[in-house]
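Enquirer: Sequence:
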Amino acid sequence: VEETVNLVKGIGGVAYGFKCDLADKEDVYKIASLTRQEVGEVTILINNAGVVSGNLLLDTPDHLIKRTFDVNILAHFWTVKAFLPYMIKANHGHIVTIASMAGFVGISKLVDYCSSKFAAVGFDEALRVELEAQGVDGVKTTVVCPYFIQATGMFDNVNSRFLPTLKSNDVADRVIEGLRKEETLVIIPKIFRTGLLFKFMLPWGCISMFLRGLVPDAAPPQHMPAVQATEKTEFMTKSNLIKNSVATLDQRNGISGKNL
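For the sequence shown, position 118 (counting from the first letter as 1) is numbered 118 according to the UniProt record's numbering, and the numbering increases by one without interruption.
Honestly, the hints are just simulated from the structure, not real lab data.
Accuracy of the hints is not assured; some may be wrong.
List time: in silico EDC-like cross-link candidates among lysine to aspartate or glutamate, alpha-carbon distance up to 16 Å [to be verified]:
{"hint": "1", "residue 1": "K140", "residue 2": "E130"}
{"hint": "2", "residue 1": "K167", "residue 2": "D156"}
{"hint": "3", "residue 1": "K30", "residue 2": "E41"}
{"hint": "4", "residue 1": "K81", "residue 2": "E26"}
{"hint": "5", "residue 1": "K190", "residue 2": "D217"}
{"hint": "6", "residue 1": "K140", "residue 2": "E182"}
{"hint": "7", "residue 1": "K81", "residue 2": "E41"}
{"hint": "8", "residue 1": "K19", "residue 2": "E2"}
{"hint": "9", "residue 1": "K89", "residue 2": "D137"}
{"hint": "10", "residue 1": "K66", "residue 2": "D24"}
{"hint": "11", "residue 1": "K140", "residue 2": "E177"}
{"hint": "12", "residue 1": "K190", "residue 2": "D170"}
{"hint": "13", "residue 1": "K81", "residue 2": "D24"}
{"hint": "14", "residue 1": "K66", "residue 2": "D21"}
{"hint": "15", "residue 1": "K19", "residue 2": "E3"}
{"hint": "16", "residue 1": "K89", "residue 2": "E41"}
Produce the complete structure using the sequences and hints provided.
Expert: Below, the structure written as structure tokens:
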């Protein structure tokens with residue numbers, strides 16, 4: 001957190017950092033309140049935290065399954081409930097859900113992870129519909145579904161055929177672009193938009209064979225579970241994605257932290 005804050009300040013921006021246990025609802029509400037007190041109301045919320053266990057379902061301890069859901073989806077409920085009321089009152093805001101392509105397809109050794117990401121995709125869509133039903137047209141939502149991302153500590157050793165894993169800088173830049181354009185769905189890479197159509201057109205045997213061929217092993221033996229023993233989790237556990245984006249935004253796009 002401190003490193004990211006320093007990066008933002010280094011390019012002339014203003015930044016604050018807070019640590020929070022996303023698996024603890026009360027801690028989320030406490031830090032949300034502290035954020036409002038020290039920084040002000042939040043109008044852009046990016047739910048980016050994620051953990052993965054990377055084991056066959058029957059080999060995954062119960063507490064890791066619970067941890068996956070606590071961080072990957074239940075925390076979204078708590079953060080949104082904390083910050084959405086002001087957004088609705090002001091009729092202005094944007095909620096970004098960082099999901100995954102695993103929110104559209106199932107992958108072996110990622111049963112709990114895929115389930116949590118399917119939930120994240122549904123959370124975004126249902127929330128968007130609910131806001132529209134209430135006539136709240138100034139609060140936007142975006143769900144981002146990337147393929148496996150490098151350098152997050154989650155899928156560094158994934159065995160992926162046919163398609164390369166994604167660079168965190170590129171994903172972070174695309175997230176910001178989607179937010180600015182108010183896109184409802186961001187799929188990275190774009191080719192998966194077309195690919196998803198085939199899921200509903202082809203026989204299941206073809207889909208299963210393709211998925212098993214595309215990702216023979218999402219968590220090879222040398223992969224260590226990306227879940228730490230500590231109960232303290234930062235707001236964004238994929239912090240490298242944000243750090244790398246902040247460090248390159250200025251030179252890539254010619255913008256300063258004050259404009260983010």
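Enquirer: State for each hint whether it applies.
Expert: Now for the hints, and whether the structure bears them out:
| no. | hint | in the structure |
| --- | --- | --- |
| 1 | K140 / E130 | holds, 11 Å |
| 2 | K167 / D156 | holds, 11 Å |
| 3 | K30 / E41 | holds, 14 Å |
| 4 | K81 / E26 | holds, 12 Å |
| 5 | K190 / D217 | violated, 23 Å |
| 6 | K140 / E182 | holds, 7 Å |
| 7 | K81 / E41 | holds, 13 Å |
| 8 | K19 / E2 | holds, 10 Å |
| 9 | K89 / D137 | holds, 11 Å |
| 10 | K66 / D24 | holds, 12 Å |
| 11 | K140 / E177 | holds, 14 Å |
| 12 | K190 / D170 | holds, 13 Å |
| 13 | K81 / D24 | holds, 14 Å |
| 14 | K66 / D21 | holds, 14 Å |
| 15 | K19 / E3 | holds, 13 Å |
| 16 | K89 / E41 | holds, 11 Å |
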